[in-house]
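Undergrad: The lines below spell out each chain.
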Amino acid sequence: VTVASRRARADRVRGRRAGLVSRLLADGIDLVVTGLILFGALVAFAVVRYMVGSAPLRLPRVSGIFTAAAYPLTEWLYLSISWSGNGQSVGKALVGLRVVRNDGSRMGRLRATARALVCTLIGGLSLLWALFSSRNAAVHDLWLHTTVVHDWSDEVRTEIPPPESTLAADDMVRDGATRVGAQC
Amino acid sequence: MHESAPRSGSPLVQLARLVPDASFAIARDLQRAAFGAVRLGTHWSAAVLGAVASAPVVAGPLGLVEDRVESLARHGSQQRQADVLRFGVVLQRAEPIVTGFLERIVALLPIDALLARVDVDGLVQRVDVNAIISRVDVDGLVAEVLSGIEIGDLIHDSTNSIASDVRDTVRSGAASVDGRLARIVDRIVRHGRERDLVVPGYAVPGVL
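First to last, the sequence lines map onto chains A and B.
Each number in this note's numbering comes from the position in the first sequence (counting from 1) with 4 added on.
Each number in this note's numbering comes from the position in the second sequence (counting from 1) with 6 added on.
Derived by calculation from the structure, the hints in this document are not laboratory data.
Built from N, CA and C at the ideal position, the CB exists for glycine as well.
Check before you lean on any hint, since a few could be wrong.
As the list claims (entries may be wrong) - Computed footprint of chain A on chain B, listed as stretches where at least three residues anywhere in the stretch have a Cβ under 8 Å from a Cβ of chain A:
no.: 1; stretch: 92 to 100
no.: 2; stretch: 169 to 183
What the hints assert, rightly or not - Listed next, with one range per pair, are the computed distances between beta-carbon atoms:
no.: 3; chain 1: B; residue 1: G185; chain 2: A; residue 2: Y54; range: 45 to 55 Å
no.: 4; chain 1: B; residue 1: L187; chain 2: A; residue 2: R11; range: 42 to 52 Å
no.: 5; chain 1: A; residue 1: F49; chain 2: B; residue 2: V144; range: 49 to 59 Å
no.: 6; chain 1: B; residue 1: G185; chain 2: A; residue 2: R11; range: 13 to 23 Å
no.: 7; chain 1: A; residue 1: I126; chain 2: B; residue 2: R173; range: 23 to 33 Å
Next up, chain A with everything else stripped away, as it sits in the complex:
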C-alpha cells in the first residue's frame, strides 16, 4: 500500500460518521487499555509499598467490589482525558475515529467528561442505537450532541474552539433526550 493510496482512502472516508462495528472495535480496544491502566496502577502501588515498607513485592489482592468500582472509574478518567484532547482515545485512534460535536468542532472538556461518564455506565447499550440511527448516532451522542467520524489523519483539529460556556450538562442531556425521536 503506497502512501498516496493510503492518503486517498483516508480522504475518502474522512468526516463520515462511523458505524456500529467500527465503534465497537474501538471501544473493545479501550476496554483493554483500561484494564492495562488499572493493572499498571496496581503494579505501581505494589512497588511503592515495597519501597516504603518492608512488605515483599507482590500485587495487592483486590476484591470483586474493588474491581467493580475501580474499573469504571479508571475508564471514566481515561476516556475523559483522552476525549478532552483531540477527541481520540487509544482505541479510536487505532481504528481511525474521532469524537466531535455535531458541527464537526472539537469537544470541550466538560462535554467529554459527561460523554465518558455516560459511555462508562451505559455505553454498550446506548451504542446499539447507532445501528438504527440515520446518522449512526448512539443514545449518548443524541444527548450530548456529539458524533463519531472517520478521521485517519493524526493532526489535532483545533481551528474551532469549543464553546465551553454554552455547555451545561443538565440542559444538554435534556435537550438531547427530547431530540432522540426526531433524529433517529
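Use these hints to put chain B onto chain A, whose structure you have.
TA: For chain B alone, kept in the frame of chain A given last:
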C-alpha cells in the same frame, strides 16, 4: 699469504712445513711458462703457415681446395633449407591426422567411468573448510557490509509500513462492514432510505 710460522722444533720439521707453499709457487711458474710457450708457438706457426700459403706453389692448390669446400658448404646450406621446408609441409599434413587420432583416443577413453571413480565427496571432506574460513575476516567483512546499511532505519521503516498496512486494513474492513450492516438494517427498518453520514465541513481540510 705467507704466514710466519713459529720457529720451534727441528729444522727438518720447519722445512716440511714450507713444502706446500713452495710447491704451489713452482706450479704457478710452470703454468706461466707453458702458456707463454704455447702463445709463442702459435704466433710462429701462424707466421710460418701464412708464409707457406702465400707461396705460389702452395697458393694454387689451396685455392682449388677452398673453392671445393665453399661449393660443398653452399650445397649443404641449400639442402638444410629444403629439409626445413619439407619438414614444415609434413607437419602441416600430419596435423589433422594426429588430431583425429588423438580425438579417437580420447573418445575411446572411459572418461565418465574414470570420473565416476573419483571420490569427489572424499576430496571435499579432505578440504579443511574451517581453516579456510578462519583465514577470512568474516567479522570485518560483515561489519563493512553492515556499515553501509542503516539497520535501524530499515527496521523502523519496514515495521512502520507493516503496522500501517495492518491498521489500514482493519479500518477499511470495519468501515466496509459498517456499510453492509447499515444497508441491511435500512432495507428492513428504513425502507431503503439512505443515511446522513457526512458531517458538513469536516471532510474539507482546513475548514474545521
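Undergrad: Please test the hint of 49 to 59 Å on the beta carbon pair from A/F49 and B/V144.
TA: 51 Å, holds
Undergrad: Return holds or violated for the Cβ distance of A/I126 and B/R173 against the range 23 to 33 Å.
TA: Given range 23 to 33 Å: holds, Cβ gap about 29 Å.
Undergrad: According to a criterion of three or more residues whose C-beta lies within less than 8 Å of a C-beta of chain A, is the stretch 92 to 100 of chain B covered?
TA: violated (count 0)
Undergrad: Examine the stretch 169 to 183 of chain B: at least three residues should have C-beta closer than 8 Å to a C-beta of chain A.
TA: holds (count 10)
Undergrad: Looking only at beta-carbon atoms, does the pair B/L187, A/R11 fall within the given range of 42 to 52 Å?
TA: 27 Å, violated
Undergrad: Has the hinted range 13 to 23 Å been met by the Cβ atoms of B/G185 and A/R11?
TA: 21 Å, holds
Undergrad: Can you let me know if the beta-carbon spacing of B/G185 and A/Y54 is within 45 to 55 Å?
TA: 52 Å, holds
Hints 1 and 4 from the earlier list are contradicted by this structure; the remaining hints agree with it.
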